[in-house]
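Trainee: Now for the letters of each chain:
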Amino acid sequence: MSSLPSELVEQQKVIQKLAKARGLDFYDTVFEMVNYKQMNQIAAYGGFPVRYPHWRFGMEYEKLSKGYEYGLSKIYELVINNDPCYAYLLEGNSLLDQKLVMAHVYGHCDFFKNNFWFSKTDRKMMDNTANNSTRIRRYVERFGYDTVENFIDACLSLENLIDRHSPYQGKIKSKEPNSEPPPENTIKPSYKIKPYLASYIKAMGLKHKLDPDLESAEPLKPDLPPEKDVLLFLLQNAPLEDWQQDVLSIIRSESYYFAPQGMTKIMNEGWASYWHSRMMTEEICTSSEIIQFADVHSGTMAMSPMGFNPYKVGIELFRNVEQRWDRGQHGREWESCTDEAAKKAWNTNAKKGQEKIFEVRKHMNDVIFIDEFLTEDFCVKNKMFVYKYDQNTNQFVVDAKNFKAIKASFLFQLTNFGQPTISVVDSNFENRGELLLSHTYEGVDLQPDYMQETLSHIYKIWSRPVNLATVLDGTPNLVRYNGEKFGFIQIGEQEKAEEK
Amino acid sequence: MSIQDDHSRFKDIIKGRIKENFKKHIVNEEMIGKREKEFVKIPIPRIKIPKFMYGPKESGGVGQGDAKDGEPVSGKPGDGSRAGEAGSESADHAIEVEVSIDELAEMLGEELELPRIEPKSGAKINSKKHNYSGISTEGPQSLRHFKRTYKQAITREIISGNYVSGKTFAIPIKKDQRYRSQKIIKEPQARAVVIYMMDVSGSMGQEQKDIVRLESFWINAWLKKNYKGLETRFIIHDSKAKEVDEETFFKVSEAGGTLISAAYQKAYEIIQADYAADQWNTYLFHFSDGDNWSSDDTKLCLKIIEEKFIQRINLFCYGQVESKYGSGQFIKDLEAQCKHEEKIIRSQIKNKEDIPNSIKKFLGKGR
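Which chain is which? The protein sequence lines are A and B, in order. Following the working numbering, the numbering of the first sequence begins with 1 at its first residue and continues without gaps. Following the working numbering, the numbering of the second sequence begins with 1001 at its first residue and continues without gaps.
Isolated chain A, as found in the complex (with noise of 0.2 Å):
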């Protein structure tokens, strides 16, 4: 890793200015030249210098390496939401490459710092997994490559079993019991703790002799409002050693670092993309760099038949509402009118686009954006079409091109994210201390194969029985891992059995 060569330096600075000189608000960005290793290194690493130890980098990392050895794909930029933004450019890359990489990264770094979904983020991340990391090789050092592997695999399985909304409802920072910690909480000893040793001391073990509360946490009862946050449940009550138990929070407290990048694909990507466009074009680029800039810009935004590209859905979006707030194309008035052609030449010279896209980019997620803003117009302008995996024939078909699917698809891609919702249920399911889930069905089934291998999983650490409710080919179901084998009871069936 390097720093930039001056030229590069020169034009930082005035990629900086602009984008300032637009409204862009942003941490301290520090860019760092890498070669394709380092950079497939860091991609794999989800964009930070240093990991915990776990085969699943070394898996991404392959892919990466492959992919550029073959000329298939190449990442252009990386940048890490932290305060200050780290941001890495690849080393060989045109002028122009990098100067229109810079220009993105400070529409990223603006949107980090500035969208509400972004702020409960930890902003010293970059710090903190390389201290995950120190915490994770020692506990290898002590208990075993294989031992912390199968742990962390076990976790990882889980990783997406966390409440994605409960950081903006005050829910987490009382509850969390691995972050910083908060006073009433957590130890009470006779010495005043310094917070960059509270974590150590959480994980030598002295919580669960001065802190009784959290191992006598009460069991969830069914009456209880289920709890999403399976990994918070399980931190709080299954029976894990301390090292467990903190590799387990190392996981979640990262699973939360990168939940709102899942969150807000469309909208960050789309927000970088609409500035890079703007200031590359308007005042970047040389006219001898224009069509270089293009072309490359167009590569970004292609479009494929399976599945939307998030750039260009995103920077369409936001073109369109600046658009519409320019001419006052919005409100009841306008909803209401039918007359297409005087709709389409509607303009009241509002000009208050720019100042709406901020205000978007401020408050809203991909959800929020797409319901509020996805209009028919805009799918056919963007030839949407919704897509269905026909079993006759088995491949994919285009199913239908009507604005009401299309949405409806979109909102359902991006219901809790695209992640199926799993709560915890009951944690002494039939008075036998068996863990109960329960999925949320919305009318997908679960991947077979992978929900049986996720609650052995689950098994590995709750060490009782865990129950999933769920829906398999329409029936409801309930499936059962005993530690041996898995059981499967059609739910309906089950209350027959209890009445006779």
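In case anyone wonders, no lab produced these hints; they're calculated from the structure. Because the structure is a prediction, the values reported are computed rather than measured. Any given hint could turn out to be false.
[What the hints assert, rightly or not] Derived, one-sided and incomplete: chain A residues facing chain B with beta-carbon distance under 10 Å:
1) N40
2) P53
3) F143
4) F308
5) N309
6) S409
[As the list claims (entries may be wrong)] Which stretches of chain A does chain B cover? Using the computed rule of at least three CB atoms under 8 Å from a CB of chain B, they are:
7) 42-50
8) 152-159
9) 284-296
10) 372-385
11) 392-406
[Stated by the list, open to error] Calculated lysine-lysine pairs in the BS3-like style (CA-CA distance at most 25 Å, straight line):
12) K1048/B - K74/A
13) K1332/B - K1365/B
14) K1041/B - K460/A
15) K66/A - K1041/B
16) K66/A - K1048/B
17) K1299/B - K1343/B
18) K351/A - K362/A
Yeah, the Cβ is synthetic: ideal placement off N, Cα and C, and Gly gets one too.
Given chain A, work out where chain B should sit, using these hints.
Mentor: Same frame as chain A, but now just chain B:
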């Protein structure tokens, strides 16, 4: 880079996956004829961390582009974002891993718990090897030996009488500099010759020949790993025997009667002519359906084995492939005659799936 650790761990996991179905992979005929460093592609199930997630086929989704209703769309679901972007996941179910024959042979060894082969005593020649274990007074800076240099400096100071322990420092001068240097080590190296004999008579069908080829291919791959200077010779026989090259051995199909003694005689001639007993480890592998022409010839065979081979060789392996036509008598005769002879190993191979077991039987003793 720390990613290297994770990367090699991932590769280990892949190897583990290959091993799970190892016996299935090695009986794949495409392997035959590949060189040690050549790669073969082995499909393994995609390695992924299981999660509660929607199945890709269930979900469908939103796509973009010019398309008509009912038209099939190509690609993978969720593949809309630009390629190679970090974190974008594709829904592949199987991946192909490239593995070299060399690595596969290594796995074969591990999987069948084949012991390293102990070279025959006395059968040694010397090979030269370089090793940086020497010390010299001259050399490049990159080979400086700090400890020895300072030792030298202290020694010099003590001799000159200037040195007071704990009070003065020893500062190396040019004369004190010591460097690592090459040492040539003579290493005994074993040499080995393997002679493969195959019955190509009319009673051996294509299936039987395939089995023989697969088995000898893997035996060859494993022995090559064990011996650097491995030589191989190939003999095919029906009622006459002739030496052929490797390619012919793995491809030829002939027909005719069976006289096993012809092959043994030929093998003995080769050994006598080219491989002195005190320098070579000798391995003989013979594959046949066991349908020898006459009992007189069988007697002759046994005589050759007993009188000529046993003194000279490390191992004589006889693999009998089951065939529709053959009587399979030879293995019984061999067993009756040489039951207690450790150097002679017999194995019955019924079908392809028997190959790993048969290899284990042949090479499991590490002779």
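Trainee: Please go over all the hints and tell whether each is borne out by the structure.
Mentor: Right, here's what the structure says about each hint:
Annotation: N40/A was flagged as interfacial toward chain B, and the flag holds, the nearest CB pair being 8 Å apart, inside 10 Å. For P53/A, the shortest C-beta to C-beta distance to chain B is roughly 6 Å, which falls under 10 Å, so the interface hint holds. The interface hint given for F143/A is violated, since its Cβ lies 16 Å from the closest Cβ of chain B, which is over the 10 Å cut-off. Because the closest C-beta pair between F308/A and chain B is about 5 Å apart, less than 10 Å, the hint holds.
For N309/A, the interface hint holds, the least distance from its beta-carbon to any beta-carbon of chain B being 5 Å, beneath 10 Å. Given hint, S409/A at the interface with chain B, holds; its Cβ is 5 Å from that chain's nearest Cβ, closer than 10 Å. Only residues whose beta carbon comes within less than 8 Å of a beta carbon in chain B count, and the region 42-50 of chain A has 6; three or more means the coverage holds. Coverage of a stretch by a chain is defined here by at least three residues with a beta carbon nearer than 8 Å to that chain's beta carbons; for the region 152-159 of chain A and chain B the count is 5, and the condition holds.
Evaluation of the coverage hint for the region 284-296 of chain A: breached, as 0 residues show C-beta separations to chain B shorter than 8 Å, against a requirement of three. Beta-carbon proximity to chain B at under 8 Å applies to 4 residues in the region 372-385 of chain A; the threshold of 3 is reached and the given coverage holds. Requiring three or more residues with a Cβ within less than 8 Å of a Cβ of chain B, the coverage given for the region 392-406 of chain A holds, as 9 such residues are present. A C-alpha spacing of about 23 Å is found between K1048/B and K74/A, which places the hinted pair at or below 25 Å, so the restraint holds.
Of the pairs offered as hints, the one joining K1332/B and K1365/B holds, with about 22 Å between alpha carbons and a cut-off of 25 Å not exceeded. Annotation: proposed proximity of K1041/B to K460/A is violated, straight-line Cα distance about 35 Å (limit 25 Å). Taking the CA atoms of K66/A and K1041/B, the gap is near 15 Å; set against the 25 Å cutoff, the hint holds. Pair hint K66/A plus K1048/B holds up; C-alpha atoms about 18 Å apart against a cutoff of 25 Å.
Proximity of K1299/B to K1343/B is assessed by CA-CA distance (about 19 Å); at most 25 Å being required, the pair is judged to hold. Only pairs whose Cα atoms come within 25 Å are accepted, and K351/A paired with K362/A is accepted, the gap being roughly 19 Å.
Hints 3, 9 and 14 from the list above are not met by this structure, while the remaining hints are.
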